[in-house]
Amino acid sequence: MNKSKGAVLFAHNNTEIDYIAIAAFNALLIKKNLGLPVQLVTDTDSISLYTGSLDMFDVVTQVDDTVGQNFKVYRDADAKTLTLPFRNISRIFTYDYSVFEETIMLDADYFVFTDALNACFGSNQNIMLNKEYREILHDRRSFEKKIANDAISLYWATAIYFNRSSESEFFFNKVKDVYAKYDYYRRLYMLPNNMFRNDFAFSIAAHEVSGFCDGIASLPNTSLLKSIDLDDISKVTPRGAVFLAASSRGTIPVKVENCDVHVMNKWAIIRNLKEWEQLIQLDS
Amino acid sequence: MGNYQELKRMGTANSAGFVIVAQNSSDINYAEQAYALALSISNTQTYTKKVTLITDGATKNSMSVKQKGIFDRIIVLDVDKAAESSWKIENRYRVFELSPYDRTAVMDADMLVFRDHREWWDITHPVAYCETALRYDGTVATSDFYRKTFTSNGLPNFYSALFMFDKSTQAEQFFNDVKYICENWQTVYTEILDKTRPSQLSMDVAYAIAAKINSDSAFSDTRLAIVHAKTNTLRHIESINDNWEEYISTHFTDDCSLYLNNYLTYVPFHYHKKTWLSKDIIGQLEHYAKHLHIIR
Numbered sequence: 000m001n002k003s004k005g006a007v008l009f010a011h012n013n014t015e016i017d018y019i020a021i022a023a024f025n026a027l028l029i030k031k032n033l034g035l036p037v038q039l040v041t042d043t044d045s046i047s048l049y050t051g052s053l054d055m056f057d058v059v060t061q062v063d064d065t066v067g068q069n070f071k072v073y074r075d076a077d078a079k080t081l082t083l084p085f086r087n088i089s090r091i092f093t094y095d096y097s098v099f100e101e102t103i104m105l106d107a108d109y110f111v112f113t114d115a116l117n118a119c120f121g122s123n124q125n126i127m128l129n130k131e132y133r134e135i136l137h138d139r140r141s142f143e144k145k146i147a148n149d150a151i152s153l154y155w156a157t158a159i160y161f162n163r164s165s166e167s168e169f170f171f172n173k174v175k176d177v178y179a180k181y182d183y184y185r186r187l188y189m190l191p192n193n194m195f196r197n198d199f200a201f202s203i204a205a206h207e208v209s210g211f212c213d214g215i216a217s218l219p220n221t222s223l224l225k226s227i228d229l230d231d232i233s234k235v236t237p238r239g240a241v242f243l244a245a246s247s248r249g250t251i252p253v254k255v256e257n258c259d260v261h262v263m264n265k266w267a268i269i270r271n272l273k274e275w276e277q278l279i280q281l282d283s
Numbered sequence: 000m001g002n003y004q005e006l007k008r009m010g011t012a013n014s015a016g017f018v019i020v021a022q023n024s025s026d027i028n029y030a031e032q033a034y035a036l037a038l039s040i041s042n043t044q045t046y047t048k049k050v051t052l053i054t055d056g057a058t059k060n061s062m063s064v065k066q067k068g069i070f071d072r073i074i075v076l077d078v079d080k081a082a083e084s085s086w087k088i089e090n091r092y093r094v095f096e097l098s099p100y101d102r103t104a105v106m107d108a109d110m111l112v113f114r115d116h117r118e119w120w121d122i123t124h125p126v127a128y129c130e131t132a133l134r135y136d137g138t139v140a141t142s143d144f145y146r147k148t149f150t151s152n153g154l155p156n157f158y159s160a161l162f163m164f165d166k167s168t169q170a171e172q173f174f175n176d177v178k179y180i181c182e183n184w185q186t187v188y189t190e191i192l193d194k195t196r197p198s199q200l201s202m203d204v205a206y207a208i209a210a211k212i213n214s215d216s217a218f219s220d221t222r223l224a225i226v227h228a229k230t231n232t233l234r235h236i237e238s239i240n241d242n243w244e245e246y247i248s249t250h251f252t253d254d255c256s257l258y259l260n261n262y263l264t265y266v267p268f269h270y271h272k273k274t275w276l277s278k279d280i281i282g283q284l285e286h287y288a289k290h291l292h293i294i295r
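Keeping their order, the protein sequence lines are chains D and Y.
With numbering that gives the first Met the number 0, the residue at position 141 of the first sequence is 140, and numbering never jumps.
With numbering that gives the first Met the number 0, the residue at position 138 of the second sequence is 137, and numbering never jumps.
Okay, chain D solo, but in the shape it has when bound (with noise of 0.2 Å):
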C-alpha cells in the first residue's frame, strides 16, 4: 500500500454509539471520494462492542493507554438526551500515530461525499484546520468564532490535514502540551470550564505556532458544514441526506448533497448506516 497519503479516522465506543460503525461508513466514503487509504485508531474495548467487519480499513491501530475520558451530552434529535462518555483524548497523538507522509485527520462523522479534501495534498503549507464553520440551515445560529468571550480563534479538529515535518511535529506536541497542563492553558486563555475539547487545544496550538495570531492556513476548498444532533435525517441518498433541521420556525427539511458534512445526531447515523451504504455501493 502506498503510505505517501491517507486518511485518520478515531473512534472510540461508548455503550450506545458504534464509532467504529460510523467510521467504516466513513472510510467507504472517503475511499470512493478521495481514492485514499484509511487507518482506523481505536482501542480493544471498542473492537469489543464493535460486531461488524474492519477489512474497509487499511491500517487499525489499537491505543488503549491514551483514550481518556469525558463525558458528553448527546441527542437524538428531540426523541432522547443522554450523558455518555465520550473518549477523544487519543486525538492528541495523530502525528505519532498516523503512518502516513501526509495525512488528512478526520472526525468519523464528517462525511466526505467529495473530492475537496484532496486539494491539501502537495500543498506548501505544512498544517491546515478551518476557523469557518457553516450551518446546514443558513438562518440558524452560527457557531463561535472565539473559544470564548475576547479570546483566541477557534479552530475545528474536525478536519485537520498535515504532513511529515519539524512544524507539524511542533503543533502537535504544542497539541499535548496544552493537554497536559490544561488546567494552566484554560485559564491563561480564558477557557470556560475543565473539561478537555480538542477544538480548543488545537486552537490554542494554531494561536501559538503561528506567532499568537490567526496564521494557520485553511484547508483549500473547504468551509465546514455542519448539522447539530437536535437535526435528525429523513431520507439518505448516495451523494448525501435529508436533514430535518430543528429550528424556532419548526422542522425544516434541508437537502445536502455534493458536499462534504458532519453530522451530529450519531442515532440517526447509526439508523441510516445500512441503506446508506447500499446506495452508496450500487452507485460506484
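Among the hints, erroneous ones may be present.
Said to hold, decoys possible - For each label pair, taking beta carbons as the anchor points, the in silico distance ranges come out as:
| hint | chain 1 | residue 1 | chain 2 | residue 2 | range |
| --- | --- | --- | --- | --- | --- |
| 1 | D | N220 | Y | R222 | 25 to 35 Å |
| 2 | Y | T189 | D | G249 | 50 to 60 Å |
| 3 | Y | D115 | D | T80 | 51 to 61 Å |
| 4 | Y | Y145 | D | V59 | 51 to 61 Å |
| 5 | Y | V139 | D | P219 | 16 to 26 Å |
| 6 | D | P219 | Y | S277 | 40 to 50 Å |
| 7 | Y | T221 | D | N220 | 21 to 31 Å |
To be clear, the hints were calculated from the coordinates, so they are not data collected in a lab.
The beta-carbon is built from N, C-alpha and C at its ideal position, and this holds for glycine as well.
Start from chain D and add chain Y according to the hints.
Relative to chain D, chain Y alone:
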C-alpha cells in the same frame, strides 16, 4: 508660518522623523508618555529614530535629563494656546509649522510601537492618515460607537493618533485648514456638522474635515494602522463599560513586545488609559534601550 523657515533651515534635505506634541496637565504626565513612546521608537525603528517633542516650558522643565536625552529636539511653544485648558490639544495643528523634518510622522504621546515600520516612509502622499483601527485580535474594528459624527457626516475616519505629512504646499494648505477649523471650531461644527457634532474641539474631527476638503492631497493609507484601546473598538462585543482593561489583559514582555489577550500586537498601541503605562513598562523600555546601546 512662524518659525517654519528657520526650522526648515535647521532640518537637512530629505530628513525624516517623528513628532509628538505633549503638554502635562494637572493630573497627567504626558511628557513621561512621550518619553516612553520615544524609547519604543528608538528601540524598534531603523529608517529614522529621530523624535522631536513639542511642548511648553513648564513641561520641559519637569522632565529629567534622562527623559530629555531621548529626543532629537525639544521645541518649546512660543505661544501656548492650551495654557488655560485641562485637555491640551489646541497646539496640535502646529506640527506642520514646527516640525524640523521634511517628512514627519505624528504620533499621540499615549502610544507605543513594537516593530520596525520602515514601510511608513515609502508613503508619498502630502498628508497620509490612519483610518484603520484594529481590535485586540488584529481584525479591523467596524464599530462607530465613538465616531457617530464621522459616519453621520460622511467624514473620513481620521485617527490623528498617527498620521504623516511632508513639507509641501499641499500639506501646508491642509494645515492652514486645520488651523482655521481649530480656531473657529464652534462655527465650523455648527455650519457643516449635524446634531451628532461633538461638544468640544476634537482633533480627529478637525483633521477629518480638513481631509475631506483636501481630498486631492490627504489620503488614508492602510500601512498606517493602530490598535485603538477604547472598549468598543477593541472588542467584538459592544459594551457601555469604558474601562477596556476589564476585558482585555495586556502582557508587556522583556523584549518589549505586547500581547493583548494572547494576541501579539504588530501595530502601534494607542492605550488611552493613562494609568496603563506603568513604571515597569518604562523600566523594560529603558532596559531594552540600554541593551541596544541606545541609552546608557
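Now the hints, each set against the structure:
1. D:N220 - Y:R222: 25 to 35 Å: holds, 32 Å
2. Y:T189 - D:G249: 50 to 60 Å: holds, 55 Å
3. Y:D115 - D:T80: 51 to 61 Å: Because 56 Å falls inside the window, the suggested range holds.
4. Y:Y145 - D:V59: 51 to 61 Å: holds, 59 Å
5. Y:V139 - D:P219: 16 to 26 Å: For V139 (chain Y) and P219 (chain D) the Cβ distance comes to about 24 Å; the hint holds.
6. D:P219 - Y:S277: 40 to 50 Å: holds, 45 Å
7. Y:T221 - D:N220: 21 to 31 Å: holds, 29 Å
Checked against the numbered hints listed earlier, the structure breaks none of them; every hint is satisfied.
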